[in-house]
Amino acid sequence: MLIEKSKFISNTSITKNTYLIKVFSPSIAKTAKPGQFCNIKVSENSFPLLRRPFSICDVEGDYLYFMFDVHGEGTRLLRDKNEGEELDIIGPLGIGFDLIGDYDTAIFIAGGLGSAPFPFLSKNIPAMIEIHSFIGGRSKENVIEYKMKNVSAATDDGSYGFQGNVVELFINKLTAYNTKKIRVFACGPNPMLKALQNVCNEKNINCQLSVETVMACGFGICQGCPIEKYNGDGYFLVCKDGPVFNSLAVKI
Amino acid sequence: MSKVDLSIKIGPLELKNPVLLASGTVGYGNEIANFTDLSKIGGIVTKSLSLKPRLGNPPQRITETPSGMLNAIGLANVGVEEFIKTKIPFLKEVNSTLICNIAASSVEEYVECTKILTDEESIKAFEINVSCPNVKEGGLEFGNDLKAVGRITAETKKVTDKPIFIKLSPNVARISEFAKVVYSEGGDAVSAINTLVGTSFNIWTKRPKIKNITGGLSGPAIRPVALAKVLEISRNCPIPIIGIGGILTWQDAIEFMIVGATAFQIGTANFINPNSGLDILKGIEEFCIQTNITKISDLTASYQI
Chain A
14 MLIEKSKFIS NTSITKNTYL IKVFSPSIAK TAKPGQFCNI KVSENSFPLL RRPFSICDVE
74 GDYLYFMFDV HGEGTRLLRD KNEGEELDII GPLGIGFDLI GDYDTAIFIA GGLGSAPFPF
134 LSKNIPAMIE IHSFIGGRSK ENVIEYKMKN VSAATDDGSY GFQGNVVELF INKLTAYNTK
194 KIRVFACGPN PMLKALQNVC NEKNINCQLS VETVMACGFG ICQGCPIEKY NGDGYFLVCK
254 DGPVFNSLAV KI
Chain B
2 MSKVDLSIKI GPLELKNPVL LASGTVGYGN EIANFTDLSK IGGIVTKSLS LKPRLGNPPQ
62 RITETPSGML NAIGLANVGV EEFIKTKIPF LKEVNSTLIC NIAASSVEEY VECTKILTDE
122 ESIKAFEINV SCPNVKEGGL EFGNDLKAVG RITAETKKVT DKPIFIKLSP NVARISEFAK
182 VVYSEGGDAV SAINTLVGTS FNIWTKRPKI KNITGGLSGP AIRPVALAKV LEISRNCPIP
242 IIGIGGILTW QDAIEFMIVG ATAFQIGTAN FINPNSGLDI LKGIEEFCIQ TNITKISDLT
302 ASYQI
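For the protein sequence lines, the chains are A and B, in the order given. The numbering used here puts the first sequence at residues 14 to 265. The numbering used here puts the second sequence at residues 2 to 306.
In isolation and in its complexed conformation, chain A is listed as follows (with noise of 0.2 Å):
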């Protein structure tokens, strides 16, 4: 966890409205892990004041990537900086995905930018553990499949794939993996985060969940990110005890 000034790259287009940024982090991209975030000052000024939390992309070797919706005037700034232009970052943050345990298939489960953390994660599921992405989008632009692999898309219009949200696919396709042990990791709006872990829970599935809240310092001292705990009692801190939780750790 630390702070770099870190160069800016370069800016893609992924869909519609979603980006993918690459900057030159190596201090941050040394040590980061698969699920943790980034906090970034998107301005050199006070407006935004905050900092801008983005789950980790992915990472190759010296360089960091972000994906992003712009939806507001942070990540507009964002989509707008200049090859060259420094970006200051904190990170790597967080508590990411748990992958060890005992399992042969990993299913992945996305919703709209929840497919952010997905590409890294990819890379270090080990070679031998399968992987089944669910990608679910309100419409075909809104379905990430960026480095995703073997895709099942969903979208409420059904424009794309099955018609309906990601988790009734799921739920659709869970017989096939009677014969498996799976974990699953998913990322995307509470909702469907909800849903899904309502359904693990009750199976017993091992699932991961990575979730997103509104954060201003992102290490734990502004206390500003609870999320309640599964048991009630009191709460953890999204940024410091997450992003990423066990199903059977948070209420949602």
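Wrong hints could be hidden among the right ones.
Restricting the straight-line Cα-Cα distance to at most 20 Å, the calculated cross-link-like pairs of lysine to aspartate or glutamate (EDC-like) are [what the hints assert, rightly or not]:
1) A:Lys18 - B:Asp280
2) B:Lys210 - A:Glu225
3) A:Lys253 - B:Glu32
4) B:Lys212 - A:Glu225
5) B:Lys210 - A:Glu86
6) B:Lys212 - A:Glu241
7) B:Lys210 - A:Glu241
No wet-lab data here; the hints were simulated from the structure.
We have chain A; now place chain B onto it with these hints.
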């Protein structure tokens, strides 16, 4: 060796420099120590401690606003006992000057906390939070009441030999009246200001963005208000002032000292740049050299009006 004497005195408390890290923006020091050398900072003010642990408010606790942020954390803290057991040893280890912030829901609880903590050698002073806008009991209820502030000052002074600072609320008509009460009851300094009550609504859902409905506004948005409050106290009461409110840069810190602050606290800036305390320290030292100031304390209340 620095050419500038950066040391300051807040009442009987001597600090190596005027930079303090504000309560609620540094936790208990362990996380921020990853980014900054706490031994070089004038001191750190802990997250508010209450007698028993507090879970804090349910989410959503914060939201960003123009040049600021609203928070309603709800005084989430580990409680006095756990603080002594697990947090103080770390703070000793990093050799940081420790000011303990106390929040309570009754005068008795303020006194009890102070009494328990005063035996801890590493605690150099207490900052009494009578102005948290985000809890149902205590907090602003006290901060708005001259008599209560006076009583809390007097009663906590009775149980400790260490300096007592009272953290004042800006959500009052005449903040200098509160400073006068603290002064007359033997308080050693006032910290000004705590956050301003604010809110923000989502226009599509028509719901408040913060679960608590209102929160405390901090950040550069409140700086002019804070400066005005510090100046008001400075012109009306001889008590030392610790200036707080939206300091992001060394220039901001200098401004607080000019209008009357003996020391200042960095708050929201820690969330953005956890090393900002030391960056600011470097900036004010260079300013002093540049303007031939040999003692930083000469800056305090040096305004020309």
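Results of checking the hints against the structure:
1. Straight-line distance between C-alpha atoms of A:Lys18 and B:Asp280 comes to about 15 Å, which keeps the hinted pair within the 20 Å bound.
2. Between B:Lys210 and A:Glu225, the direct Cα distance comes to roughly 16 Å. Compliance with the 20 Å bound is thereby established for this hinted pair.
3. Using a Cα cut-off of 20 Å, the hinted pair A:Lys253 and B:Glu32 holds, with the two alpha carbons roughly 10 Å apart.
4. Between B:Lys212 and A:Glu225, the direct Cα distance comes to roughly 17 Å. Compliance with the 20 Å bound is thereby established for this hinted pair.
5. A C-alpha spacing of about 18 Å is found between B:Lys210 and A:Glu86, which places the hinted pair at or below 20 Å, so the restraint holds.
6. Annotation: proposed proximity of B:Lys212 to A:Glu241 holds, straight-line Cα distance about 14 Å (limit 20 Å).
7. Between B:Lys210 and A:Glu241 the alpha-carbon distance is near 18 Å, which keeps this suggested pair within the 20 Å criterion.
Against the hints set out earlier in the document, no violation occurs for any number.
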